[in-house]
Amino acid sequence: MLVIPTSDTHPMELQPLQRHPDASRYGSVPESVVSSAKTASNGSQLNIFGNARDIERISRHLDNGNLGAAIDSFMAFVSVVFAGTYVANTYIPYNDMPHSIWVVEVICATLFTLDFAYRGVYLSASRRKEFLFSMPALVSLVVILPVLPASFFIRYHTFWYGESWWRFVYPVRFAMCYLTGKAVLSRCHAYLNPVRQFAFLCYLQITCILLGAAGIIQIAETMDGTLSVKNLGEWTFFNSFFNSVMTFVTIDKPPSENNLSKMFVGVLVCIFILVIPYQISNVMDLSNSVSAYEEASYKPSSKSHHVVLCGDLTASRISHFFHEIFHNDHDFVGVHVIVLSEDPPATSLKALLLDPFFAKRVWFIQGSLLDIDDAKRAACDSADAIFILTNRKGDEEFSVSDHRTLMRVLAAKRQAPKARIFAQLHRSIHCQLVRDMGVQNVLCLSEVALSLLGQNCICPGFSTFMYSLTSTSSFDDDNDEGLGSDAKRSNRTQAIDNGEGSWVDRYLLGASHEVYVVELPPASVIAGKTFSELASLAYSHCHGIIVFAVGDGPRGKVILNPGDTYTCVGGETAYVIAQTQADASALTEMSPNVSMPLAWREMQVSSPSSLVRSETGSSDGRGAEASLKRHQARFVHWQFGDYETPEPEKESEGEEVDEKAPNKKTSKTAEDAVIHDVDELGFGVAPIVICVTTETAFSNDLEHLIGPLRTRSLKQYHPIVILTAKLPDDDIYDGFSHFPGVYFVIGDPYRHKSLNRAGISDAHRVIILGTSTSASDNDSELLQDAESIALHKFITSFIGTRKAPRVIMEVRSRASVHFVAQNLLANGWFSGPDGGNELTMFSSSETFSRNFFLSPAFTSGLTYSTSLCDSLLINQFFNGRIKNILGEFMFTSRASDAWAHLRGDKSKPELHRSSLFAVEVPLDFVGRSFEYVFHYLLSSDDILVIGLYRCHPYMNSMDEEPKPRIEVPEKERSVPFGYVYVNPQPFEVVTGDDLLYVLSDKQPCWAETQTA
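Start counting the sequence shown at 1190; every next residue gets the next number (this note's numbering).
Hints listed in this document are in silico derivations from the structure and should not be mistaken for laboratory results. Where is the CB? At the ideal position from N, CA and C, for every residue including glycine. Among the hints, erroneous ones may be present.
Stated by the list, open to error - Capping the alpha-carbon separation at 27 Å, the derived lysine-lysine pairs in DSS-like fashion look like this: (1) K1992 - K1942; (2) K1539 - K1549; (3) K1492 - K1607; (4) K2160 - K1942; (5) K1318 - K1371; (6) K1451 - K1607; (7) K1451 - K1492; (8) K1904 - K2152; (9) K1982 - K1857; (10) K1539 - K1488; (11) K1488 - K1451; (12) K1565 - K1607; (13) K1371 - K1488; (14) K1318 - K1602; (15) K1602 - K1565; (16) K1982 - K1992; (17) K2160 - K1904.
As the list claims (entries may be wrong) - Computed beta-carbon distance windows for the label pairs: (18) T1299 - Y1392: 50 to 60 Å; (19) S1950 - S2118: 32 to 42 Å; (20) Y1392 - T1425: 41 to 51 Å; (21) Q1629 - T1990: 43 to 53 Å; (22) S1486 - V1456: 26 to 36 Å; (23) S1713 - D1923: 55 to 65 Å; (24) R1385 - E1483: 24 to 34 Å; (25) E1884 - H1927: 17 to 27 Å; (26) R1344 - P1489: 47 to 57 Å; (27) D1570 - A1914: 43 to 53 Å; (28) H1941 - T1858: 28 to 38 Å; (29) A1259 - A1875: 58 to 68 Å; (30) D1562 - D1923: 39 to 49 Å.
The whole structure should be built from the sequences, with the hints applied where relevant.
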């Protein structure tokens, strides 16, 4: 999740980044919308009902929280008691209501009055008039007014005695029982399946109708003077209820004695004939019920705003969209979501829409964005934003899906020229077509997913690290709990402080960090200091926050860790990783009297175990203190010339630079790159094997996967071997033919002989691509990754459990991550949240899908789901800088113009632009605190440590004493398999099995250890 400051706030304040940069509040809609909202708000400040935004926040809390559920349950109990007092009074044989019963009725009526006035009238906000003329409001008035205030002014405090027609108001209390009971059942979609939920609603409605009919029949039979409330004869309430049931069951001779009663019985029979069969039909066959979504429409209000979701939608994608856009971190109040789907909602989605929270904020409309009438029903012309999701249908090509999206974008531009459009596309070649239409918020699925998979090969856990920084979705146990999540974060911190925290505590504590954008202190505090010195000062004096980037130039381009090449002037924009907004704000308010950390003011004492010092730049401290003495360097400054590569590219507009490897000639056609066996070439470096089982994988911009593996910031290139049954076409191969060291092995990945020829057993990493198929229904959606998971199991069984973490794969459904984890948990490497190795059990399919975040396959960075790109697109709505930060992490080391649109303007050539790497811990740092390592590497090599990839120590060989990873030859090291730990606690002890997440302009290569 990201946070930014805005122009509407004080310069020293901090605002969340997950929103539009020009919005007035965190989680707000664009500036034009905010302006109109402010105008409406200012005009309503004198409204006796209060501020609309505050009302909406209270309504959200009651609709979505435990307090609202408790109130609904309590009011249901009150309505039963209220109806019970009426029934009890019918059995009193004298004309005098007992005082106790009257007091209970007054109390119940008072509670109904308070609920009606507060939750009904006050919290109705802009739809208050509609509520006052609704059936629930009418029922409330009918049951309240005879008690408050009427009962205070009539004899016996009730209308029951005598033959007054006012007695017919008392059976209406059963209608109140139905309304309050329905409110409780509507919240039970998480505990009841849809059929049971609708069945209970049907039973409740039938029961209330029978009880109401019993009361009406009893009153009608005692209205002619023959019987009275003193002498009911056989017409007690129980007998009347029995007769009403018999009327429904037999419909024989009407159980009535006078004409008025017979009339009511006839009406009751008609109601039963119309209502009961219809309700039973809905329960037994919901799919055949009459759909109201084709006729549904949304009427926009001047006091609220809305966004439209359309495209290739499924129930799970819609549910994920709801939980992401309504996440508490966004503070997204007063906004409605209109789902415009070409297909009717699934049963699970119907149940979700019954939830009071979504029922008030979500409208489901069946229709197409391309149809003008449907677009008008969804009020697209006045929408603040339109989200267009894409997905393949069946085995169609990615281009076909992109063509549908292009049509929807054209329709959106025509129907809503002022709305912000956010679109997804599969192929990057189509993204430029959309940008030519003036739509800049385009997300290329293949570009993001494949780039993250490629980065995972050289930086374990890269995709998980980036997801933690760019998404607000979290572990389900923390979701929608408000301040409860802060309490749990505090408990995790305390457990870690006491040395009792599990890997889950550390992982979730790291994932709770967020990215904030703050203003640096004024020039009087930091002028003349380098970025490395600033980062050390911030970490030491601002609650352990990490300043990892600075905004350079008028457009605020993101520069990751420029090190000593950047000198602070004061007041710039900086990007920090912090736990809370208050921690990040401390940087702006930093005192001018702070001193550099001890690590910068003491000279490192050389020892036999020290690493060889290499020449490196140094920085002098500015201020009253003496010149700062830099630590001994741990980093060998290798040069591109060592590998006979071209000189480092100069980034200039319009200049295209090819990335070539040493002494390798590119192949003109795919046939030229075919080899029969990897042993023919005798690779000195372990290859990266890409398994492709479908031809469509080649059409999905494979260059985005190979690009991160051929960047200039890498010291060593791994050969790439693509195992495929069929070669790609020449025009597709041209897209990545310029990359050196890429070979094809033709064979079936499900055959051991083919895997041996591709060098799977000795591979550095194995990537599985192109086996997912799309699906539209919920059952098939869970099976769309079946082939991928089967191939993953086949390969991991072939190479053995110790090498299983080498296999990285892409899945389409985030729930599939749990099935991949089953292939890894069997070896016992990863303990569960409670310390056991057993698989985690989930209470529902929704929880199973949303809690992918804790799956070992995800925490270790071995899987990435394209469905997570939905979260990235939504968060881009709240602030476009997410795309810039993600692009800088993924593409900063590539100079091709293909990535220029993700990075903005070119940076100054004298500034170093860092990339994220995962490197082994130097031996001298083993047993040291994270804080010590952080300051040391900044002072010695301008390397910024921002986290750990914590590998499990039992990954080492069991026949010898465990050694730190850096002491083990690279070819003999165990495969990194662990979890991402963002910004660990300062006192966290760094072990020899950890990897350091560092930001450096080149891949760090530690100097050799001196001999004694």
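Do the hints match the structure? See the list:
no.	hint	verdict
1	K1992 - K1942	holds (18 Å)
2	K1539 - K1549	holds (14 Å)
3	K1492 - K1607	holds (18 Å)
4	K2160 - K1942	holds (23 Å)
5	K1318 - K1371	holds (22 Å)
6	K1451 - K1607	violated (62 Å)
7	K1451 - K1492	violated (50 Å)
8	K1904 - K2152	holds (25 Å)
9	K1982 - K1857	violated (35 Å)
10	K1539 - K1488	holds (21 Å)
11	K1488 - K1451	violated (44 Å)
12	K1565 - K1607	holds (15 Å)
13	K1371 - K1488	holds (25 Å)
14	K1318 - K1602	violated (34 Å)
15	K1602 - K1565	holds (14 Å)
16	K1982 - K1992	holds (12 Å)
17	K2160 - K1904	holds (16 Å)
18	T1299 - Y1392: 50 to 60 Å	violated (30 Å)
19	S1950 - S2118: 32 to 42 Å	holds (39 Å)
20	Y1392 - T1425: 41 to 51 Å	violated (24 Å)
21	Q1629 - T1990: 43 to 53 Å	holds (47 Å)
22	S1486 - V1456: 26 to 36 Å	holds (33 Å)
23	S1713 - D1923: 55 to 65 Å	holds (56 Å)
24	R1385 - E1483: 24 to 34 Å	holds (26 Å)
25	E1884 - H1927: 17 to 27 Å	holds (21 Å)
26	R1344 - P1489: 47 to 57 Å	holds (52 Å)
27	D1570 - A1914: 43 to 53 Å	holds (50 Å)
28	H1941 - T1858: 28 to 38 Å	holds (29 Å)
29	A1259 - A1875: 58 to 68 Å	holds (59 Å)
30	D1562 - D1923: 39 to 49 Å	holds (45 Å)
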